[in-house]
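Novice: One line per chain: the protein sequences are A and B, in this order. Here the first sequence stands for residues 1 to 315, where the numbers follow my numbering. Here the second sequence stands for residues 1001 to 1480, where the numbers follow my numbering.
Please note that the accuracy of each hint is not assured.
As the list claims (entries may be wrong) - No farther apart than 25 Å at their CA atoms in a straight line, the calculated lysine-lysine pairs in the DSS-like style are these:
(1) B:1391 with B:1369
(2) B:1186 with A:107
(3) B:1134 with B:1261
(4) B:1006 with B:1026
(5) A:107 with B:1134
(6) B:1119 with B:1134
(7) B:1220 with B:1305
(8) A:116 with B:1055
(9) B:1114 with B:1140
(10) B:1357 with B:1117
(11) A:116 with B:1047
(12) B:1047 with A:107
(13) B:1055 with A:107
(14) B:1186 with B:1046
Said to hold, decoys possible - Just a few of them, taken from the derived set where beta-carbon distance is under 10 Å, the chain B residues facing chain A:
(15) 1057
(16) 1232
(17) 1241
(18) 1247
(19) 1250
(20) 1251
(21) 1256
(22) 1259
(23) 1271
(24) 1274
Hints were generated in silico from the structure; no laboratory data involved. Note that beta-carbon positions come from the ideal geometry of N, C-alpha and C, so glycine has one too.
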Amino acid sequence: MLSRVAERVYWQARYLERAENTARLLNVFSTLLLDLPTGTKLGWRSLVEITGGEEAFDARYKQAVERSVVKFLLAENNGSSILDMLAHTRENARTTREIMPSEAFEKINELYYFAKENASSGISRGPRHELLEAIISSCQQISGLMAGTMSRGAAYSFVRLGRSLERADMTTRIVDVGSFNLLSSISKSKDQAAADEPYDNILWMNVLRSQSAYQMYRQHVKHRVNGEDVVTFLLRDEEFPRSVTHNLITITKVLHKLPNQEKVSKQVEKTLRIVGRGKLGKLMDEGLLEYIDDLQLEIASVHKKVADTWFLPNK
Amino acid sequence: MRVNWKTYNSGKFYDEIISSPGYARKPARGLASYLRSLTHEELLQKKTAAELAIKTMGISFTVYSDGENIDREWPFDIIPRVIAEKEWNHTSLGLKQRLRALNCFIHDVYNDQKIFKDKLIPKELILNSGNFRKECVGIKPRFDTWAHICGTDLIRDHTGEFFVLEDNLRVPSGVSYMLENRRVTKRVFPELFENYNIQPVTEYPDQLFDMLSAISPEPKEFPEIVVLTPGVYNSAYFEHSYLAQRMGAELVEGGDLVVEKDRVFMKTVDGLSQVDVIYRRIDDLFLDPSVFNKESVLGVSGLFKAWVKGNVALANAPGAGVADDKIIYTYVPQFIKYYLGEEPILPNVPSYLCIDKVQRQHVLENLDKLVVKPANESGGYGMLIGPQASKKELEEFARRIKADPRNYMAQPLISLSTVPILGDRIVEPRHVDLRPFVLQADKSYVTAGGLTRVAMVKGSYIVNSSQGGGSKDTWIVGDS
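Produce the complete structure using the sequences and hints provided.
Specialist: Structure, rendered in structure tokens:
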């Protein structure tokens, strides 16, 4: 498989996964609104932070309110929106059509046009849910189509690599924002914090929901929903397909099928050790931020090793 | 409202469906009566369905406009064009014959040059051609074949007879659209396929693969075949990717290749991997910056030498374009007699060479009645259509011809045949041409039909998709 093509396939998978995750986040946030008492301010800005688009956002908007954030993440050309993610997905798919199943390209193409025509309708609350659901299920349909039609060769390995790394990365971002910004932006003062306590559960529940993790959490974690268990589940559960640990393990398995993977494997093992380090209960009181920062750097480093090993050689 | 074949009128032109008001030609009868069974609204619904299919299937071509590249949906008219199998069999023999003769000529030009010694064609005419590559002299590709893939443009005149308009031997495109047009038609008119005996077109990628395998330098069960594209911004990128996909070949750009010790390798995730056959969709001059255009970033340095040494096969071979020239074209009937000892099966359009004094005089005196073409342009650019030109344009062309007679030839304006297209309100006749694709290596192959291009504007002869032309599915039908 050509290095250039491997790179495009990998990014196609990453962008598709990112589009789906962004749609999930927007959906959950929009629903969360309805559960909160009137007068509480929801930290819409944290959504921008999760996707890493603060700079582009601040250049465009003064205030991070529902309308501006949804517009930014859904329907604008700014490098962070679902529409842009899908355009990137399509472009990468269009330039690798010779190796991808043709139905997959057709579905990606269809989804892109659907989003292009309908994305701005999601800025208003009414049609938003339906729109986001449609995008999410199309993304899943495409992933399913690839799983059901692609031979387990190099091309599919790069699809899985891209998807898993993107998931791991996104989950750390959600945990990051979930454990700080989300809470602090809602509680205005200490008194308010006490009054807000019942809503903590709702928040953590929605963090789980953004990853479709609520049901699985309930089945596997016997405790009621609480911050520590949610963070542990999303970071360390080996079986849940969106947890960081699960995705790193998936990557380890995928790597066995690829040539010259030693350096990448070492980096993934290192990242796995870091996820498992320390007791989360303790970390949540102090040092979680640093812990997540470390983790994100290690994940970025996995990407770099992947690129060095397979995309850039011979250049 | 339904199609009324009695009021459908193609005037003095040969219409391929309707022979006289209300009467369809034999192979088209089923189609004509089927179209009558639908209302215009139903036909328009089918048109919308086809457009949607083309959009989601991502059948596109790239146009350069306003300083950027735009990926456009492929223009398609849903009413198929019907050609009788018997007529086609004869035509396809003519196409194979023509390509055989062209390959003999190219091989002769780069080797023995017998044709010059026998004074059939002036040597200077060839050696001064912009497509002659002196670097190729003395090279003997497998099967003595240089042009492995040829797109031959055919037109019908007012009597319905097929004429050869030009031979595209450099990097002819359009075959993927021929294949996709059929796929769309199957979605839109599945009913029609029940009662018609239509020759399938789908085997082309297999035939192409077999031909490319046959020219592999070392006979291998699985030669490494790649399609070399200039990249995603090329107007035919869709086709490059499509053919690679259908053949299971890698689609490479120049940057994916590297030449070491006169062998060509591609950069893969496993490291370097040797390439045996390159179906190149890049013009000669961009293939290898160490030999041709030094500025080229599309090709790969050392490629030409690897080919000369016989370590990699190139299709078409560099230099094959020497026969893709409007001037050389006029000699092809003579090539057929000279090299093959056969009579040409397909006629050329009568042509006047401006390099010849007598013929040039005729051209200059009749400019307003003729079509003037430069030797080396493609895509319909740089042409003069005399009867439709302004006085200023006529004067300009007279000046150009006198300045550079070698570069021009002229032909009478052929009254191109028509076929019906679906307009917004009625079904109307429009002019068409046909581009079949011919393959040659150890054996020859011709597509069943080809790509029909149609001038969507009333009265227009311009069928090029870059200039507003459309396309149609082309059916070769047997007696059912």
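Novice: Now tell me if each hint is right for this structure.
Specialist: Hint check:
1. B:1391 with B:1369: 12 Å, holds
2. B:1186 with A:107: Between residue 1186 of chain B and residue 107 of chain A the Cα gap is close to 20 Å, so the pair holds against 25 Å.
3. B:1134 with B:1261: Within the cut-off at roughly 23 Å; holds.
4. B:1006 with B:1026: 16 Å, holds
5. A:107 with B:1134: Between residue 107 of chain A and residue 1134 of chain B the Cα gap is close to 49 Å, so the pair fails against 25 Å, i.e. violated.
6. B:1119 with B:1134: 20 Å, holds
7. B:1220 with B:1305: Given pair residue 1220 of chain B, residue 1305 of chain B holds - Cα atoms ~22 Å apart, limit 25 Å.
8. A:116 with B:1055: 13 Å, holds
9. B:1114 with B:1140: With a Cα-Cα distance of about 15 Å, the restraint between residue 1114 of chain B and residue 1140 of chain B holds, given a limit of 25 Å.
10. B:1357 with B:1117: Distance of about 23 Å is within 25 Å: holds.
11. A:116 with B:1047: 23 Å, holds
12. B:1047 with A:107: Holds, because 21 Å separates the two Cα atoms, which is no more than 25 Å.
13. B:1055 with A:107: 11 Å, holds
14. B:1186 with B:1046: Roughly 11 Å separates the two Cα atoms, so the pair holds.
15. 1057: Holds: closest Cβ of chain A sits about 6 Å from residue 1057 of chain B, inside 10 Å.
16. 1232: Where the cut-off is 10 Å and the nearest Cβ of chain A is about 5 Å from residue 1232 of chain B, the hint holds.
17. 1241: 4 Å, holds
18. 1247: 9 Å, holds
19. 1250: 6 Å, holds
20. 1251: 4 Å, holds
21. 1256: Cβ of residue 1256 of chain B sits 5 Å from chain A, so the hint holds.
22. 1259: 12 Å, violated
23. 1271: 7 Å, holds
24. 1274: 14 Å, violated
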